[in-house]
Structures are given as C-alpha cells and as structure tokens.
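Work the whole structure out from these sequences, hints included.
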Amino acid sequence: MIIHLGHYLALSCVLFSIGAAGFLFRRNVLISLMSIELMMNAVNLTFIAANRWQPLVTSADGTATAAIPHHGHLFTFFVIAVAAAEAAVGLAIVLAFYRLRKTVRTDAADMLRG
Amino acid sequence: MPPASIQQLAAFSFFAALAVVSALATVMMRNPIRNAVGLFVHVLSLAGLYVSLSAHFLTAVQLIVYVGAVVVLFVFVIMLLGPASEAPSDTAGRLPRGIGAAAMIAAGVFLARVVIDLRPERVANPPGFGTIETVGRELFGPAMIPFEMASVLLTAAIVGAFAVARSHHGKVSMSTGEPSDGSSR
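Respectively, the protein sequence lines represent chains A and B.
All the letters of the first sequence, read from the start, carry residue numbers 1 to 114 under this note's numbering.
All the letters of the second sequence, read from the start, carry residue numbers 1001 to 1185 under this note's numbering.
Please note that the accuracy of each hint is not assured.
[Stated by the list, open to error] Computed list of lysine to any residue pairs in SDA-like fashion (alpha-carbon distance at most 20 Å, straight line):
| id | chain 1 | residue 1 | chain 2 | residue 2 |
| --- | --- | --- | --- | --- |
| 1 | A | Lys102 | B | Leu1081 |
| 2 | A | Lys102 | B | Pro1088 |
| 3 | A | Lys102 | B | Ala1087 |
| 4 | A | Lys102 | B | Gly1082 |
Worth flagging that the hints you see were computed from the coordinates, not collected in a lab.
Given below as structure tokens:
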C-alpha cells in the first residue's frame, strides 16, 4: 500500500471535523481557540500535501522541468502567521473577558445584548 | 514492496494516528492544561507529516511558531487564569450542541471517504523541494508583498493584544483589583 494524496486529504478532513465539532460542542473559550488552531492546522496539511502532488510544469518544448512552485508552502506560511496573530489577539480578549466576567464560559459573553 | 514505501507507510500511519488521537484529546479533555498538551502533541505530529511531505522549511516554521509560541501562549494564559480556566460544565443546550458536533464529524468522515481515492501521479522529488533556500527564494520573490503585509499584520496584532489585555481603562491593578495610579503600569 502506497501513501497517496487521498490519504493526506482524508486525514485532513477528519482533523478539521474534530476541530469543528470541538468548536461547536465546548463552551470554554480557551478550548474554542484551540479548536480553531486544529482547523487551521488541518487546512495547512491540505495545502502542503496538494503542493507535493502538483503535476510537473512542462516547458514549451515539451520537456518536464523539475521546478515545482511552492505555492502551497507559501499559503501555509501565511496561514501560520495569521494563526499566530489570531492566537495572540484571541488570548488577550480571553484575559479581558475574564477580568469583566470572572469566567471563561462562552455563554457569559452577552455584553452586546440590548 | 520497496523498503522506502514501507518506511513511508509506517511514518504516515504513526503520525496520522497520533494526530487524530491528540486532536481528540485537545477537544475532549476537561482540564485545560491537558487540552494544551494535546495541542502540543498534535502540532508535533503534524510537523512529522510535513517531513514526510518533504516540506522541511515549514516543519521548522511549525515547530518554532506553534510549539514555541502558540502553545506556550496558551499555557501562559491557562496558568494566569488558574482554576477559573476550567469552566464548570452544564447540561443546558447539550442536545443541539451535540447534534451540531455529530453533524460535523459525519460530514468530515463522509468527505474523507470521498477524497481518499484521489490518486494523482506523484512526481519524483525534485532537488531542493521544500528547503529553506527554494521556499525563501519564492517568499522574497513573487510573494514579497504578502510577506511584508504579514509583518504589518503581526505588528498590528501585537499592539492590539497589548491594548486589549491590559487593565480596564488602565485604572485597575490586575493583581490586587484596587485602583492604582498610572505609575504602576
């Protein structure tokens, strides 16, 4: 049995659904943020696996060149940068929220309710 | 079967199983520190999968940014909150939440069964694929402007995190909860 792109994509689907289910089910803000990180990591795995199985770029005279662009890697790099920023801001919001409500339950975040 | 594909299969099976188990631990454990440890193991196992896809630069980035920064930040916040980080469980609204979570799992498993048969032809590993040099050349070539925008985003995120996380209006000291003058900030 040889590992194919489909195996990586299936694993990524399962990991994303675990993250999405955790985001929907848990009421702890910290665990919601961790579930978001799980989903982002699953998408990163998709990008990198698809980049690895990208078809060869053929030049004008029909010969296959070895240069495969790293577009999936670049996307993953930027997703990681955005995830780091999101974690920093999200955890700062958790701290401010805890200072207001003395809890980290998502139900307690109803300050915008009229 | 050539030995290389056996190694590949073993590495993929090990890291995939570890990733799924640690992802489940991340969302299901009660104690938030255990969730953070689950996230830690998950990130490490994904780094192993990146190695198997010959994405060496991103393996390093994953280890530095996720293990070194994000998980540590989570652990810091959990320790700062102390026992309050473990929200008390309640059963209200458990059924709709459970239905939503089960629907997500079902959709994920269905989609996984669809895509697992994708078998495009894998090209030979070109020299220098995924190394710091080749990815860096693209990062500072075609992707130069997004790269600089990412640095602006990170700066804005740092300033925003400071602005949000410091004491409310800067008037209440966090450790004592009493009003303090501006000098202690």
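Comparing the hints with the structure gives:
no.: 1; hint: Lys102/A / Leu1081/B; verdict: holds (9 Å)
no.: 2; hint: Lys102/A / Pro1088/B; verdict: holds (12 Å)
no.: 3; hint: Lys102/A / Ala1087/B; verdict: holds (10 Å)
no.: 4; hint: Lys102/A / Gly1082/B; verdict: holds (11 Å)
Checked against the numbered hints above, the structure breaks none of them.
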